[in-house]
Every structure is written in C-alpha cells, then in structure tokens.
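Generate the whole structure from the sequences, applying the supplied hints.
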Amino acid sequence: MLTAGIDAGSLSTKVVILNQDKIMAYEVLATGIDIGAATKRAMDNVLEKAGISLQDVESIGSTGVGKKKVPYKSVQGTEVVCDTKGALYFYPKSNGVIDIGGENCRAIKFDAEGNIVDFALNDKCASGTGIFLDAMAKALRVKPEEMGELSLQSTEDIEVTSMCSVFAESEVVSMIHRKVPKNNILRGIHKSIASRVVGLANRILLEGNVIIIGGIAKNIGLVTTLNELMNSELTVPEKPEVVGALGAALLARERKE
Amino acid sequence: MITAGVDVGSLTGKTVILKDNEILAWNIIPTGPDSSETAKEVFDMTLKQAGLTMEDIEYIVSTGYGRVVVPFSNKNITEITCHAKGANWFFPSVRLILDMGGQDCKGIRCDDTGKVTNFAMNDKCAAGAGRSMEIMSGLLDTPLAEMGGLSLDIKNRLAPLSSTCVVFARTEVLGYLHEGTHKNDVLAGACEALADRVYTLLKRVGIEGDFVISGGIAKNIGVVKRIEQKVGLKANICFEPQIVGALGAAVFGRGILEKKTAKKK
Amino acid sequence: MGTLETMKDIFDNPNKIIEEWKKDGRKVVGHRCMYVPEEIIHAAGMLPYPTFGTPEPIKKADSYFQPCACEFVRNLFDLALDKKFGFLDSMVLCNTCDAVRHLYNMWDTYVDSVPCYMVNNPQKMYDESGFKFYRMELEKFKKLMEDLSGNKITDESLKKSIELYDETRKLLKELNDLRKRDIPAISGSEFLVTSMASMLMPKEKANPLLRKLIDEVKNREIKNADGPRILLTGSIIDNPTLIELVEDMGGVVAVDDLCTSAKYFWYTTKPNNDPMDAIVRFNLERTLCACAHPSEDRYDYLQELIREFNVDGIIYFNIKYCHPFVYESAIFRKKLEEEVPTLTLEVDHSLSGLGQLKTRVQAFIEML
Amino acid sequence: MTTKVTAPGKKSLQTSLEIGKAVKAYYANIKEAKEKGVPVIWSYGLIPREIFNALDAPAIYLEHLPVVIGTKQLSGHYIQIAEEEGFSRDVCAFHRCFLGCAVAKEREPYLEKFFAPPDIIVATNLPCMSESKSFLYVADHYGIPYHFVDAPINTWGSDIPDYAVEYYVDQLQGAIDFLVEHGFNYNRDKLKESVCLSKRLVELWNEIDGYRKAVPSPMSSVDGFTACYPLVSLAGTQLGVTLYENLLEELKQKVANKEGVLDNEKLRLMWFGVPPVYNMGLLNYVEKYDAVVVKSMVEYIVGGAYDPSIMDPERPLESLAYKSLVDIINPTSENMVDFVVKTVKEFKIDGLIGSVKRSCGLLPGYMRLIKDAVYQEVGIPTSIFDLDGMDIREYDDVTSKANLDSFVESLLASKRK
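Chains as they are written, first to last, in our numbering: chain C, 1 to 257; chain D, 1 to 265; chain G, 1 to 368; chain Y, 1 to 417.
Hints are computed from structural coordinates only; laboratory data are not their basis.
All C-beta atoms, glycine included, are put in the ideal place defined by N, C-alpha and C.
It is possible that some hints are incorrect.
[What the hints assert, rightly or not] Computed list of lysine to any residue pairs in SDA-like fashion (alpha-carbon distance at most 25 Å, straight line):
| no. | chain 1 | residue 1 | chain 2 | residue 2 |
| --- | --- | --- | --- | --- |
| 1 | C | K69 | Y | K288 |
| 2 | G | K335 | D | T117 |
| 3 | D | K260 | G | G250 |
| 4 | C | K40 | D | E179 |
| 5 | D | K75 | G | M249 |
| 6 | G | K358 | C | P181 |
| 7 | Y | K342 | C | L205 |
| 8 | C | K218 | D | L139 |
[Claimed, not checked] The following residues of chain D were derived to be distant from chain C, with all beta-carbon distances above 10 Å:
| no. | residue |
| --- | --- |
| 9 | A25 |
| 10 | D112 |
| 11 | R157 |
| 12 | R204 |
| 13 | Q229 |
| 14 | A235 |
What follows is the structure, encoded as structure tokens:
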C-alpha cells in the first residue's frame with residue numbers, strides 16, 4: 001500500500017512516499033511564491049526517486065499552511081495532528097513533540113495512548129524563527145548550515161534578550177558594530193531561540209521524552225542549547241524536517257483503511 | 001575651511017567633505033560587518049575623490065548608528081541632530097523632517113537655524129521601519145529601487161498589511177503571495193503600512209511648515225507619495241537624500257571650528 | 001572604604017543583610033509598593049524587605065503571565081519561582097496596578113515556599129471614607145504581623161518605628177537636596193544606589209551611614225555637570241544602568257521621581273498621637289503613585305520638582321506594558337511640554353536594546 | 001486602511017434582532033436628551049447602571065460603544081487617532097478606540113447615530129485600574145467635570161467584610177451627590193425599582209442560561225454576544241426584562257423541539273477573552289467541524305454573574321455595592337476561576353478557547369490559572385493564542401483559523417479514541 005504525504009509550509013515544501021511502514025523516498029525544496037507549483041515539482045522529484053508514477057499512489061495526505069492549494073485530491077490534516085502521528089511513528093513511547101519550522105514553532109503534548117492532550121503555538125512576537133536565523137546568517141556573513149557548530153565554540157555567554165525577531169536583529173547588529181566575536185553572537189542567537197521554544201514547552205508543562213522536528217532541528221547548536229535549558233530527554237529523528245509530511249501520509253493511510 | 005561628516009548607518013556608510021560651505025565630494029557604500037572598517041573605507045574613497053589627504057581635513061564629526069566606533073572623528077553627534085542641520089542646509093525654510101534609517105524612523109521639528117526643537121521616534125513594535133522594506137524586497141524578490149514605482153501601479157485591490165509590527169507584516173505577505181495576490185498590490189500594502197507608521201509619528205511631533213524627507217526611504221516614490229497625501233504637504237527631497245546626515249555632521253564641524261577660531265581672537 | 005562604596009556593596013549583595021538579620025532567628029517580610037506600611041512590620045521586630053528585581057531576561061514567568069504583563073512584575077515572579085525569595089517569611093502586596101493585582105493571584109497559586117498577603121488600599125486620596133477603610137485593613141495587617149512575629153505591636157513600638165523611618169526619609173531628602181545646586185554633590189546613579197541601599201538596610205544601620213555620607217559629600221562637586229539638568233520619572237527603575245546611560249550622554253540627572261527614590265522619602269509622617277492614624281494619613285494625604293487619584297496632585301508635585309531642581313528636560317522611562325505610566329506620560333505630555341521638553345521612552349526591565357536608547361537620549365540632550 | 005477578510009456572525013434568534021433595535025433606540029434617546037440640554041454621562045466599569053436610572057441620566061458605556069465601532073471594522077481608524085495623541089499600543093484597545101472616537105475631528109455618518117459628546121465623566125478602577133486614567137484625557141479634552149469612584153478589589157473571597165461594603169456604598173453615594181450637584185435629581189424609589197428590575201433581569205438571565213445548557217445547544221455565543229447587551233445598558237429597566245422574557249420563550253421553543261444551532265452537534269466550545277468583534281464570523285467558522293461555541297465568558301464579564309438573591313430593593317446601595325465586590329470580574333477574587341470551572345461543567349464544554357488581547361492588563365492574567373484549574377478539575381484542554389478582539393489592524397485570519405483548526409481537530413481526535 002503506497003501513500004504520499006505533503007507538508008506545504010510557508011517557506012519549504014516537503015513530500016514523502018510511504019510503502020507500508022518504510023519511507024521509500026522524500027523531497028524537500030523551497031516553496032517560493034506559488035505553493036501549487038512547488039508541490040507539483042516536489043511530487044514529481046519524489047516519484048522519480050521512488051521509481052513509481054502518480055497512479056501507484058493510493059492516497060495522499062496534506063498538511064501545512066498551504067494544504068488547501070495542493071493540486072491533488074488529498075486528505076487534509078492540521079500540523080498538530082500530523083506532527084503527532086509522524087513523531088509517534090518513530091518513537092511510540094514519547095511524551096511530546098516540538099516542531100521548529102521556518103515561520104513559527106509548535107509544542108504538542110500527548111498521553112500514554114498517543115492522544116493529543118495539549119498544544120501551544122508561538123505567539124506573534126516570537127514568530128519567524130527560521131527567517132530570523134537566515135537574516136542573522138546573512139548579517140554575520142555565515143552559511144546557515146554552519147551556524148550551529150560555530151555557536152558551540154563560543155567563549156562567553158552573552159544575551160540576545162528580546163522576544164521580537166526584528167528587535168533581536170537590531171540587538172545583533174549593534175553587537176556586530178561593537179566587534180563582539182561572531183561565535184559569541186551566534187551563541188546568544190541560539191540561546192534566544194532556545195529560550196522561546198522552552199517558554200512554549202513550559203506553557204504546556206511538556207517534560208519527559210520529547211522529539212524535536214522541523215527544518216531547524218538539524219541545527220546542532222540549537223538542539224544542544226535546548227538540552228541545556230530543558231530538563232527533559234530530547235531526541236532528533238534523522239530526517240526531522242519531513243516528520244510532518246510523514247504524519248500526513250499516515251493520516252491518509254488511516255482514513256483509507 | 002575644510003570639514004567632513006561620516007554617517008555610519010546600520011545599512012550604509014556615507015561621507016561628505018565640505019569646503020567653505022560647498023560640497024566638495026561625497027560617497028555612499030553598504031555597511032560591512034565591521035563599521036569602523038566601513039567608515040575608514042568610505043572616508044578614504046572620498047578623500048581620494050577630492051584629491052585631499054587626512055591632514056587637510058580640519059574637523060571630522062561622526063554620526064549614525066556606529067558613530068562611537070569611528071576612530072578618526074573629533075566628535076560624535078546623533079543622526080537626529082545632524083539630519084535637522086543637513087536638511088536646513090539644503091532647504092533653509094524647513095521646519096519638519098522625516099528621516100528613515102535602517103533601524104528607526106524619526107520625526108524631527110527644527111527652527112530656522114536647523115536646531116532640533118522636538119523629535120519622536122518609532123516605538124519598539126514598529127522598529128526596523130527601513131529594514132522592513134529590505135525584508136519585503138527579499139520576500140517579493142523586487143529590487144529596492146523599483147518597489148516604489150510598482151506599488152503605485154495597483155492591479156486590483158491594495159492588500160492591507162499591519163502597520164503595527166514588521167514580523168507580523170512578513171507573515172501576512174507570505175499569506176497574500178500564497179493566495180495569488182499580485183505583487184504590486186502587496187507592495188502597495190507595504191508602502192501604505194509604512195506611510196501609516198510615519199504619519200502617526202509625524203502627528204505626534206506636529207505637522208507644520210516646510211517638509212523634508214531624508215534617508216534611503218526618500219528614494220521610494222511609493223512611500224513618499226503616500227506620506228505627502230496623508231500629511232498634506234509637499235516633500236522637499238535633495239539630490240541625494242542619503243547624505244543629509246553626513247552633510248549635517250560636516251556643517252556642525254564648520255560651526256565648531258568657527259566658534260574655536262572666534263574664541264582664539 | 002568611603003560610604004558611597006559601602007552603599008554600593010550593600011546594593012550589590014543584599015544577602016549579607018539578610019544573613020546578618022536572620023542570624024538570631026529574626027524574620028524578614030517582603031513587600032511591594034508603597035501602601036504596605038514598613039513601620040508596622042518593623043514595630044513587630046521584623047525586617048521589611050523591598051523586593052527589587054534583577055535585570056535578567058524572563059525565564060519561566062512567561063508561561064504563567066502572558067508576555068503582555070509588565071516585565072518588572074514578571075521578573076519578580078520569576079525570582080519567586082526560582083526560590084530566590086526563599087528567605088522571606090511572608091510577602092505582602094497592595095492594590096496598585098493590574099499587574100501587581102495579578103501577581104497576588106499567581107503568587108498565591110504557584111509559589112508555595114512563601115505565603116502571600118494583600119493589603120487592600122483605596123486608590124482615592126484625601127477621602128474620609130477611604131481613611132476608615134484603610135484603617136480597618138491596617139488593623140488586620142497589624143494583627144497578622146503580630147501573629148507572624150509572635151511580638152505584640154504597642155503604640156510605643158509603632159511610634160518608635162515611625163520616628164526611625166521618618167529619620168531615614170529626612171536624611172535621604174537632605175542628601176537629595178544637595179543636588180539642587182548648579183553642580184550637584186552626588187550623581188544620579190550614585191544617589192539611586194544610596195537610596196535603594198538605605199531601603200534594603202535596617203534603618204538602625206542606614207541612618208548613621210547616611211549622616212556620615214552627607215558630611216562626606218557636602219562640598220563635593222561631581223565631574224562634567226555642565227550638561228542640561230534632567231528629571232527622570234516613569235516606571236520603577238531598580239538598576240542604575242539607565243541613569244548612568246543618561247549621564248554618559250552628558251545629561252545631569254538632577255532629580256528622579258521614582259519608586260526607588262523621591263517617592264519613598266518626599267513626605268514624612270505628620271505628628272499624631274494615634275500612630276495608626278498617622279500611618280493612614282501619611283499614605284492617603286498625597287498622590288504619589290500613578291495609579292491613584294486625583295492625578296492633578298502628581299502634576300503639581302512634578303511642577304514642584306521642576307522648580308526646585310531647575311530642570312531643563314524630563315525623561316519618562318516607561319517599562320513596556322506598564323499601564324499607569326504609559327497613560328500618565330500621554331496625559332501630561334501636552335501640559336508639561338509647554339514649559340519643559342519631555343521625552344517618553346519605552347524600556348525593557350531586562351535592559352535589552354540599549355543601543356536604540358542611547359541614540360534617543362543623546363539626541364534629546366543635544367536638543368536641550 | 002481597507003478592511004481585511006472578515007464576516008459578520010450568523011445570528012439565529014429572533015430576539016437578537018429585537019435587541020439590535022433596542023440598542024439603536026437607546027442611543028437615539030441619548031442623542032435626543034443631548035439636544036434637550038440634558039448632560040450626557042460617559043461611564044464604564046461596573047458602576048451600577050441602576051444609579052443612572054435613578055437619576056434619569058443618559059449614559060454611554062465604554063464597554064459597548066467600541067463594540068459598535070468594531071463591528072463596522074472602524075476600530076483600527078479610531079485607535080490610530082488615539083496613538084497619534086501619544087497613547088502607545090500597550091494600553092487597552094477598547095480605551096484607545098473610545099478615546100480616538102472622542103477626540104476625532106469628524107466621525108462616519110453611521111457612527112454619528114451612536115455618538116454624543118460627553119458632558120460629565122464618571123470613571124472607576126473596576127475591573128481594571130487603567131481605564132479610570134484614559135477618561136482623564138477625554139475630560140481634559142472636552143474640559144468637563146470628572147468624578148472617580150474607587151471600587152475596592154476583592155481580597156476576601158466570598159465573605160466580604162462590612163467595612164468594605166460601607167466604603168463602596170460611600171463611593172456610590174459620592175457619585176450620586178456629584179451628579180445631583182450637576183443638575184440631576186435623585187429619586188430613591190426609582191433606585192429601589194431599578195434594583196428590583198435588575199434582580200428580575202438576572203433571574204431571567206440564569207433561566208436562559210439553564211436552557212442554553214441543553215444538548216444540542218439552542219443558541220450560539222454569537223447570539224449570546226448580542227443577548228448580553230441588556231445586562232450592560234438596560235439593567236434595571238422594564239425593556240430589559242421584556243427582551244429577556246421573549247428570549248426565554250424562544251429558547252423554550254427551540255429546546256422543546258430539540259432544535260440546535262447544529263443538527264449533529266459533536267463539540268461544545270467556550271470562549272474566554274474578547275472575541276473578534278470585527279469578525280464574529282470566526283465563531284461560526286468552527287461549525288464546519290460540527291462544533292458550536294455555546295458560551296463566551298464575556299457574556300458574564302459585562303454583568304449578571306451573581307446570585308440575584310443578594311439584591312434587596314430595601315437596601316439598594318448596599319446590594320449594588322456587595323454585588324460589585326463579589327462580581328467574578330473583580331481582579332483578585334478566585335471567584336473568576338471557580339466560576340469558569342462551574343460554567344464548563346454545567347455547559348458540558350469539551351474545549352476552552354483563550355484569546356489573548358496583548359493590550360489588556362486584566363484578562364490575560366487569568367489564562368494560566370483557568371487553564372490549569374479546568375484541566376485538573378474537568379479534564380478538558382484550553383488553547384491560548386494571540387487575538388486582539390478590538391484592533392482589526394492586528395487581526396491575522398490565517399493564524400487564527402489555523403489555531404482553531406488545530407484545537408478542534410485535536411479535540412475530535414481524542415474524542416474518537
């Protein structure tokens with residue numbers, strides 16, 4: 001039984017092909033301005049990778065802010081439900097999941113049987129985590145992927161305190177002008193994002209075994225800082241950015257049966 | 001008497017060299033990660049252009065976001081005071097100045113000598129006013145210079161954006177794009193939101209007398225037109241609005257020198 | 001070590017005072033805002049401890065308060081959650097602004113290490129029925145302090161405490177008056193540290209130190225005092241950094257109408273053979289708090305400060321979401337600006353974004 | 001500022017239309033009184049309406065005029081005027097909207113029907129300290145007298161000491177004396193009659209609530225938002241009582257023949273915090289999931305959340321004072337949290353929606369207390385998210401609907417298990 005899962009995010013689009021319980025292939029690319037076109041491109045690439053055609057796929061699930069604009073007939077689910085299904089697929093015994101995406105982040109808590117007990121979305125002031133990181137990478141003239149490692153080689157703990165990413169940007173700009181070492185600024189940026197995520201987790205008293213997913217979860221600097229600030233055991237699945245899409249595929253399969 | 005002004009903003013570094021109240025040479029370059037480097041670079045370029053060396057400059061005033069980090073300046077004055085003096089130099093009858101830098105936007109009132117009598121700056125939530133145009137330019141992949149013109153050519157309906165928060169406006173733009181709203185309509189919404197934010201600021205300072213817009217935003221015809229319409233005043237814009245701050249600094253340098261020589265006599 | 005350094009030392013580590021006080025089993029009662037009479041706590045043999053905040057970013061409190069409550073109150077709650085106020089035997093709040101009212105709900109529910117009590121005070125001054133209401137509340141509060149301490153509060157012990165606290169207020173005011181001169185004897189930041197240290201210390205220790213300090217600085221002149229003279233007002237400032245910022249930009253902080261300075265010592269208790277009535281009138285025959293009415297009173301009081309300290313400019317440091325002062329600065333702005341230029345600034349209690357602030361303050365000082 | 005994507009709330013009750021007419025009539029009377037030279041009072045807080053009835057004083061209430069402005073999507077415009085006067089975005093959007101409308105040079109024709117400039121201001125610090133301050137600016141602007149009624153906060157729970165009631169009675173008497181000085185004549189019998197009618201009004205309101213607890217719910221909170229208007233402006237009047245009698249009849253009918261807002265009602269939701277007055281359609285949005293917002297706490301917050309037996313017409317001022325002190329909106333009383341838990345149980349609510357208006361100093365402070373209490377005692381979740389119910393400029397349709405979708409789906413998912 002072949003199913004596909006699409007996560008049409010505001011910044012990146014992810015598609016996954018699921019064969020019974022194994023991920024056959026996945027594709028991640030930038031959404032750009034046209035969600036429909038981006039989804040189509042991503043679907044074509046992933047079908048090619050899996051060596052199958054669209055007809056072989058029996059049901060399609062879609063999630064993300066652009067789920068209504070997906071150019072295929074699909075079962076639609078919210079990010080909260082799909083993140084949960086995706087996380088439980090990898091780790092059935094986990095207590096919750098934190099999704100750090102490009103535009104905003106979510107914390108979801110579930111009980112022993114995997115029911116969603118509570119969830120919290122970041123408030124408006126703390127949105128734009130992904131965009132904020134990209135903007136800082138540009139300002140510091142650093143490649144986004146390297147930011148994580150560099151932030152771990154900081155010599156001193158400095159604070160980027162503001163919640164609002166625009167204001168955090170101006171704080172960082174003034175630090176650059178004051179010739180604060182780059183690694184320390186990166187450490188400050190990662191701590192600022194990590195404390196926002198921890199704030200979200202505290203809001204729903206999320207503890208225990210927590211799965212970190214989403215595009216930003218690959219940033220080792222952020223996950224390490226989160227480990228320092230949160231007293232719970234954090235695990236990052238090996239393909240964290242497609243867990244949402246995987247959840248959508250599982251949702252489609254469930255509705256099919 | 002030769003003096004110079006160095007304006008190190010968060011986005012651009014500017015220098016103006018003034019000789020007996022005439023602009024001898026000026027330059028603008030993007031600010032790099034190290035602002036004192038940028039200051040040095042733009043200053044040397046302008047010196048070479050004017051065929052002068054560092055010793056020929058009798059007094060240097062630094063201003064802008066990185067004013068304290070300019071190693072070779074004799075004094076640092078805020079961009080608010082310098083923009084007032086600079087605007088007064090270009091248009092002696094000016095009483096109201098709007099300056100939009102990368103980080104803040106400022107409404108300034110001044111008297112006939114260019115001395116600041118009152119000023120107001122955006123509050124935290126509407127921060128990064130100039131920066132928001134840069135973000136919009138990235139999201140809509142439209143060069144900054146073209147944004148103003150396109151924003152006046154509305155296709156069907158202006159897409160309203162929040163005038164209260166830049167981050168929120170960013171999320172809204174993504175929403176509009178994904179709904180297929182035409183780029184010009186979103187640009188119009190962005191310029192309208194910025195004009196709204198500016199209007200609230202100018203109202204707080206009091207809208208009277210001749211009006212000058214300085215800083216990068218003066219080059220965005222979309223924002224300028226909308227501000228003029230809301231404020232009900234024609235905006236005087238000099239040939240290069242981005243150097244008004246640096247020019248003001250140079251004029252202050254002249255003033256300080258004149259006072260010094262007068263005291264010596 | 002000069003007295004100023006002693007004050008700075010006490011300001012930097014108040015725990016020394018607490019350890020010394022608790023050595024022989026005496027109790028400490030935390031309080032926030034001016035309608036909690038310290039004299040009653042002191043008369044029961046306990047140390048009234050004004051709970052100040054720390055300029056750190058908020059950690060846990062944002063999950064309880066929504067981030068749209070005043071950052072100073074959230075910071076206090078953060079410290080309480082971290083057991084940083086564990087040494088308090090009781091925490092007493094009063095009826096001032098919405099944020100403090102909610103702090104009472106939150107503390108009562110989520111902080112079990114320190115019990116919390118609220119003194120209910122009227123927000124309408126000069127009102128006979130208000131005096132009666134506040135008197136009944138203070139009688140209950142007095143009883144509570146007696147139970148907590150196990151000591152009886154007599155008229156005698158209360159009168160002595162009132163005298164002691166008035167002495168501190170007189171001395172602080174005398175020290176503050178040394179800033180009226182063209183070249184003040186003490187800078188704004190030094191004065192704030194002294195005032196806060198005196199509020200933290202037991203008054204028996206503070207008064208002699210203040211007398212010594214007044215002698216030391218009587219004919220001292222601070223450096224670079226030629227800039228414009230500034231009146232600071234607005235939300236509570238419990239850290240000298242903002243004042244130092246104004247002074248670095250060339251301003252002379254001549255007087256500050258803050259909860260941590262002038263509001264604390266501007267008035268003294270009028271003589272009255274009934275000490276409880278004296279305390280009631282001390283608190284209700286003046287409008288100092290921006291939450292209280294009539295607020296014209298506060299306007300006249302600010303005029304008085306402007307005249308006495310011949311002020312050139314006023315700066316309102318408003319903590320974000322601090323409703324009382326955000327309203328007051330908007331309401332007074334037009335009237336104040338006719339005489340003295342006024343700058344209203346939004347600040348974070350965690351002192352982030354100082355770069356922005358420096359530009360605004362320097363431009364204001366260049367303008368004066 | 002062109003408007004954003006919004007939709008008016010779908011009302012299903014005949015009485016809602018009648019109440020709409022009563023609202024227009026109420027403001028028309030005030031404008032008539034103004035022409036005749038009767039001083040118009042601007043007031044807010046829970047200053048008991050019965051006092052104004054006893055003085056025949058025409059009064060405009062802050063908690064209602066901004067709603068009228070908001071429903072016509074005009075709130076952004078007037079709030080911007082207040083910000084130009086120097087009021088920052090941190091203070092309450094209701095007050096900024098009210099203040100902007102007061103100081104605006106001219107107003108839309110539609111709004112002129114509701115607007116009458118103030119001659120006297122009677123302000124209070126219940127429930128929030130700050131609104132007694134925003135009125136100062138209006139009084140200064142119009143150069144009119146300003147009277148402040150100090151309402152003590154409830155730090156005693158349910159047994160209110162006598163000295164507190166006495167204090168508040170003095171304050172209310174002070175307000176009456178003040179208005180008598182300014183040309184009104186006080187009629188104590190009218191006060192008694194008004195208190196009596198208020199008692200009847202709240203008895204009816206509790207009966208109406210009884211029927212609203214039926215499954216399927218006969219009335220959604222969109223109608224409720226209109227239905228609570230009489231508690232605001234028509235408390236202590238015969239018209240208020242008649243409107244509620246009609247509403248009660250209509251509900252009895254609906255419940256009798258099992259007529260619900262939805263045929264197969266799967267989820268019953270409650271709203272805490274100010275719903276988006278400019279887009280009440282958002283409350284109907286969840287109906288596509290067969291979910292109904294059966295009640296919103298705003299309907300209680302404006303008044304009527306007290307046991308009517310405490311109203312004793314023989315001791316009118318004491319009853320009014322006592323009522324304000326035990327009111328659930330009195331900031332430090334744990335009554336609010338207990339009341340929400342009781343309401344959630346009685347209305348058989350499946351999920352609580354908490355909308356945070358960032359500029360509010362009062363309601364966001366309750367969110368966490370309510371969320372924990374409701375979860376521990378009733379086992380249902382609360383979803384808290386940003387939504388400014390008054391300032392349309394802050395409204396983000398996509399995120400608000402994403403929040404509601406996620407919450408309702410997670411409720412349906414756990415309900416299925």
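Which earlier hints can't be squared with this structure? The structure conflicts with no hint, since it agrees with every one listed earlier.
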